[in-house]
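Q: Based on the hints, put chains D and E in the right spot on chain H.
Protein chains in written order, with the working numbering: chain H, 1 to 57; chain D, 1 to 223; chain E, 1 to 255.
The set of hints was computed from the structure by calculation and includes no laboratory data.
You can trust all of the hints, since none of them are fake.
Where chain H lies over chain E, by a calculated footprint (3+ residues, C-beta under 8 Å):
1) 50-60
2) 88-100
3) 103-117
4) 226-237
Derived DSSO-like pairs (lysine-lysine); straight-line CA-CA distance at most 27 Å:
5) E:K83 - E:K14
6) H:K40 - E:K14
7) E:K172 - E:K114
8) H:K32 - E:K152
9) E:K83 - E:K152
10) E:K83 - H:K32
11) H:K32 - E:K14
Quick reminder that beta carbons are idealized off the backbone N, C-alpha and C, glycines included.
These are the residues of each chain, in order.
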Amino acid sequence: MDLGSHAGFILASYGLCLLTVLVLIAWIRIDKANLERALKELAEQGVSRRRPEEGGR
Amino acid sequence: MSPWAIALFQRDLRLSVRVGGSALVGVLFFLAVVTVIPFGVGPDLNLLSRIGPAILWIGALLATLLGLDRLFQADRDDGTLDLMLMAGRPLELVVLIKCLAHWVATGLPLVAAAPLLAVFLNIDPLAMGAVTLTLLVGTPALTLIGAIGAALTVSLRRGGLLLAVLVVPLAIPVLIFGVSSADAAIHDPVPFLTPFLILCALSLIAAVIGPIASAAALRFATD
Amino acid sequence: MAFWDYANPTRFLKLVQVVLPWLTGLCVLAFGAGLYMSFFVAPEDYQQGQTVRIMYIHVPAAWLSMMCYSIMAVSSLGTLVWKHPLADVSAKAAAPIGAAFTFMALVTGSLWGKPMWGTYWVWDARLTSVLVLLIMYLGLMTLWRTMDDPIKAGKAAAVLTLVGALNLPVIKFSVDWWNTLHQPASVMRMDGPTIHLDILWPLLVMAVAFTLLFFVLHLMAMRNEILRRRVRTLRLRAASAAHPRSAVATAQPAE
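Chain H on its own, in the form it takes in the complex (with noise of 0.2 Å):
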């Protein structure tokens, strides 16, 4: 299709769209696999999330 002369403009709004909606997406999902393997490794050293019987927060 046929953008017309302001083209670069138009694919340039959803590029720049695309590309914050990606590193937002990236990011939140570097941080979940952070936040699991150190979840992991503080469970591999045996550190128990709480003592048994005792409800969340």
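A: Leaving out everything else, chains D and E in the frame of chain H:
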């Protein structure tokens, strides 16, 4: 006013005026900002007189922000803040009185210096009066809004810069109506009273929201 | 009450596990439909030509930048008034996402402005308000980063969010006033009285898609935040177990 309020007011005022307080540094900073701006924009007197009210307002905003981090921090450091929290007086009122004392020590000198600095900026007498009046009405709002930022950052060691970032967006309406009512007195695109009364309203709103929010933030910061 | 059942982080995480794939699928579908419609179905504007297609991401991004702040304000009420344990998690997770959408609204607005107004930036009332909103988001994020204790940080940020929520209408009003004072009636308005259905439909679909995207990201970020607090609690516990004599870190279970 009850005796404890007067005592608190006098104590805060004395502390900020005497050695170690930073009340007069604010005025010096104000002077420095106003002096520096002509070096940035050039010595054109017409231009300076046109943007003069804006320069004075921005200078006052920056000078107010500069002094705010001491509002609660010194009291927190020596434990006075905990005593105030435990004393059973309404904390909102305590904050309001502290803000008032802070304003008398730092805001009022800025207002008093404004006519003098207006001379440097080639602002004519009528506009000089208008700017001074708007500063008199508007700087309490800056202090009261800034108190929220001061209370939020009270537990941080280097809270001053963050305080400014947090407070500046909230202070935009005061700046807009302060400058535009000063401008209205000169060029009158609108009658002076319209923006001026809105500025007064903003100060009154800040006198309600500021103490309530700061008191809440202080309670959370200390418990 | 279902709302309180999910106050338990573990139960909330299970719910997220179930809901997230469906929500993601819906989001992808909505984006597929919305992008197709905005590029191939929507006609070009008789005045703005093809650049009107920027509107289909600009307007939803701007709408989400405001919705996100509303969600943060409601979450802050949840923190301060109802003391819902997930409220500050929700508020903290929403802030970067809101900042991202606000950034998108600004960038697309400025890229739309270049062909329309001839410059990338005009101090237009809307753009300026959105810029102020971005500064507020960034300030909130910084406030959160500078405090270690998540509970205290959450309360401080909640106070600031609510003050900001009270102030935003005032800021909007004063920026509008300032704008009419300085550049009267130069700004093109896009919310004309009549918006054609061919334009409205893609816009609505894109708005739905953006909203779904927000909820997907928000749930993911909330899950991260819960995990982060778990890690923090465990580390504090490990540290206090390693040095039992040095004043037992009164680790409030801040997960």
